[in-house]
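Q: Take a look at the letters that make up each chain.
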Amino acid sequence: MKNIKIIIKILEYLFIILVLISVLFPIYWMIITSLKPYADIYSIPPLFLPLRVRNNYYRPFVKDVYLKYLINSILISFGNTLVVIPSALLAAYGFSRFKIKGSNDIYFWALTTRMAPPAAFIVPYYLIFTYLGMFDNHLTLVLLYNLFNLPLATWTLKGAIDAIPRDVDEAALIDGCGTLFLIRKVIIPLIKPAIAATSILVFIFSFNEYLFASILTSVNARTITSGLSAFVTVVGTEWGEMAAVGTVCLIPTIIAAILVQKHIVTGLTLGAVKR
Amino acid sequence: MLRFRPWMLLLPLILLLAPTSLAPFFYAIYISLFRYVIASPAPVIFVGLNNYVKILGDEMFANALLRGILFSLSCVSIQIIIGFIIALFLQKVSGKLSTIARVVLCIPLAAPPIVIGTMWKLMLNPDVGPLPFILRIIGVHFNIGQNPAHAFFATVLMDTWHWTPLVALILLSGLVSIPPELYEVADVNGATMLHKLRYVTIPLIKQEFLIAALIRFMDSLRIFDEVWMLTAGGPGGATQYLGIYIYRLVLSQWDLGYGSAVSIVSLYLIVVVSMILFRVIMGGKS
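As given, the protein sequences belong to chains F and U, one line each in that order. Under the numbering used here, the first residue of the first sequence carries the number 18, and numbering increases by one thereafter. Under the numbering used here, the first residue of the second sequence carries the number 677, and numbering increases by one thereafter.
Extracted from the complex, chain U is given alone in its bound form (with noise of 0.2 Å):
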């Protein structure tokens, strides 16, 4: 019989995540040197790096990836934000209402993006949803499929409903555990409610301000399913980010060769900044 060796317990990890991740990882590098258009009658040839070069002239790929990242932004610093507000609230109830809270926030968490993108498509869909009804009260003529910066906004909205009670509950694990001594020095001094936060609250939880802001930033830049379901990607672009490019590209146009180097230009642009990111907030840690 084999030795034991402590290797052998990630084997199973390994052989596992192997044929879903490298495999693939590599089998799009080598499609991406071709030109293949499924359902063309132009022959499959290899064009080496020519996609890649392609890549530097498409605007297409470029507003995807300057709208992707002007929606990761807003998403990003609306829901820190509110999600700070919400914490500090949650913070202050106890009891029951904090059980129930607990629970009602982990529910967007815990929900399949796809029907995130449905109930919000039931919301705010211009024929039967109530927030364009609302909104029409006041004069704004609320039209996600035909108005760019009202679908952009859709996204936003939808997202921030969707993540929000992560990062609340990300920098609610902060807050709770900050000694309370040192709000009774704060108070002995005489600090108001603002100094407090500014002085004691914010920069005791940074470290969990950033976990959130990254996790986030990490995530808006992959979205896929929810802005499928709600836009599409529309109008005219206005919400088609990276993932919804290479969809269209892949699965609209067959353009299996150029969407593999799209695909591949995405993940590493995604997966660089990521993990730059993530060396230098969790540097200290772990």
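With the rest of the complex left out, here is chain F (with noise of 0.2 Å):
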């Protein structure tokens, strides 16, 4: 009896492996890709282990563009997510304490560009901002990316100010604090840890964007993941360097893979799911 116990364990552990093992493999298939000479990419039976390095790295970041596309991303995320944090907490904070006229509307709408198809916008996006002469500029994307990360981010702070129980506000507002001075004094303190998580799930969430970024950048703006398809040409693709583009793409989804978990279920339900 004891020792088919053991053996449930050990299947158990096992079967989590194996799952873990075809996560990860994909993700191994592209770095060793991007690591192998040309001809080794063709290699019939496929190579599973490098046999010779070949740096597909240097041509796209030292040669071509790739490192200031690089620049870009981490540019316009991080300027999204100054954006999107604190207009993201005074709205979390208005839902979770007041009772606002027309506040389940705005919810309602909020929720409506989280199901929009994002191709839908194509059209007016690429009229509006080529009209405005705001083609290829990192503004216009820092501006759009609010459409998906705002309403993220609004809820993923509202559910950590709804754990704040309201005497605290209430013993401030005795003392005579304004609701903006409370906010800054008392809330921030409390929900650090959450506003930390959501500033890394918003700059990932602007880092990933692929569609917008494409049809609305050209050379100056344009950000390195709409910079992957270029890989793909009519004479053939560039596979190993398409690899080692779309792996340091990865590197900030790592980061937060590990640093941030707990809260990536929450923002990716719009806090339907709290861990």
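If you're looking for bench data, these hints aren't it; they were derived computationally from the structure. Any given hint could turn out to be false.
[Claimed, not checked] Some chain F residues well away from chain U (every beta-carbon gap over 12 Å; in silico): (1) E29; (2) Y74; (3) P182; (4) P210.
[As the list claims (entries may be wrong)] Some but not every residue of chain F turned toward chain U, in silico, with C-beta under 10 Å: (5) I33; (6) S104; (7) Y110; (8) A127; (9) P134; (10) Y142; (11) L144; (12) N163; (13) L267; (14) V277.
Even for Gly, the Cβ is constructed at its ideal location relative to N, Cα and C.
If you follow the hints, you should be able to join the two separate chains into one complex; please do so.
A: Here you go:
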């Protein structure tokens, strides 16, 4: 009986390890492809360990403009985070503490932006931003990414503020604090971890965006993710370099998975699932 | 100075969301009333609701919609089943492996969708991918560039890799909240493992099942980046889901008027369906 229990335990662990291998294998495959010379990429049977190493990172990042694209991505994501977090914080506090007329409608509206297919926005975005002379401009993407990040940040922060007892606010208000002062001196210190986690999520989702960046930028403000599709050309695909750029795009992902894994599910479900 | 009013707290949110969501929405409705093809000699003319009438007879649109729904339903059902199994096992595992598992499972969730498309292109390309090679050994000539069924399967496989971890983690959050006493009571009454699953576990995490299914259904209808990278909608429209159809109308055929009409209709269909499901499922909550 005891032996059977141990065998079951081992099988349970083995199953989870198998799941993890299936999750990690495509990532592993991309990383080793980024290190293979062109001929080895086409080898039959496929090489599961690289025989010879070729630096496929060199041409895109040093000779070509992908370093600039990477910097653009970081600047735009950082800029968007700076816009999103303060506005989301105010809105989250408003939604959490007050019965505001029409707040249900605003909630509904924010929810629809989460449900809407992004492709439905490409015609108006393309026409509006070209007309305004904001094509290929960093600010355009900083502004646009509010579309999906603002609802996300508002609902993760609202969850954190909901968890603070109202007595805390009231004590501060009796002391004669204004609302903004209260948010700054009382609320923010209490939810610092949630703000940090939300900032990382917002940064990641900005960094990951592809569609809008690919139609609204060309050279100046192009982001690294939207530069990825350039490796698929009519004369063939630059597999090694594409894998190299893809691997670099995964660095923020891995950092986020380690730092804020507990918040990712909450963020992706707009707060419907907590932890 | 202005007196503080609670709604002022929502002002930044409204001012930032209006130009990025409401303005383009109304502008798209306006554009959809015109015949507007960039790079065509034909003049831009007002055609009223003609573009919407055209949708009714558009086979490509019907194809995109049906394939999209088929894709969504396949993804949701497969991911719920696999995700549930993974969640059950995850709950049993403890210690270091459990911590590592949660981190690893979050990697697909936080990865750029376009990179996920890239990874699966590397995995599934008939010339360089390891999977077609393995399948060839067992006699299957897997070719996502030529075989529509293979391409469809490839997108479902990719989406399953991408999102099953989310389903598993949502279900796990439900599993850990079930009080262990309930299982003890079931044990005392001589329940088998299947009985416990059927009468204790599944009913108690029904809400999590519904949330996971809803979120996956909503998001798989919106899919674009990964599929665009992997198959670009091909071969022969086999994976041309709504997003890709709109993209092609707008950026290959430059038919902005008709593209807008299709955008508005897709937006309505997806948002209305999602909203109804959302209301039904979240009705009890919040």
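Q: Tell me the numbers of any earlier hints that the structure contravenes, in ascending order.
A: 1
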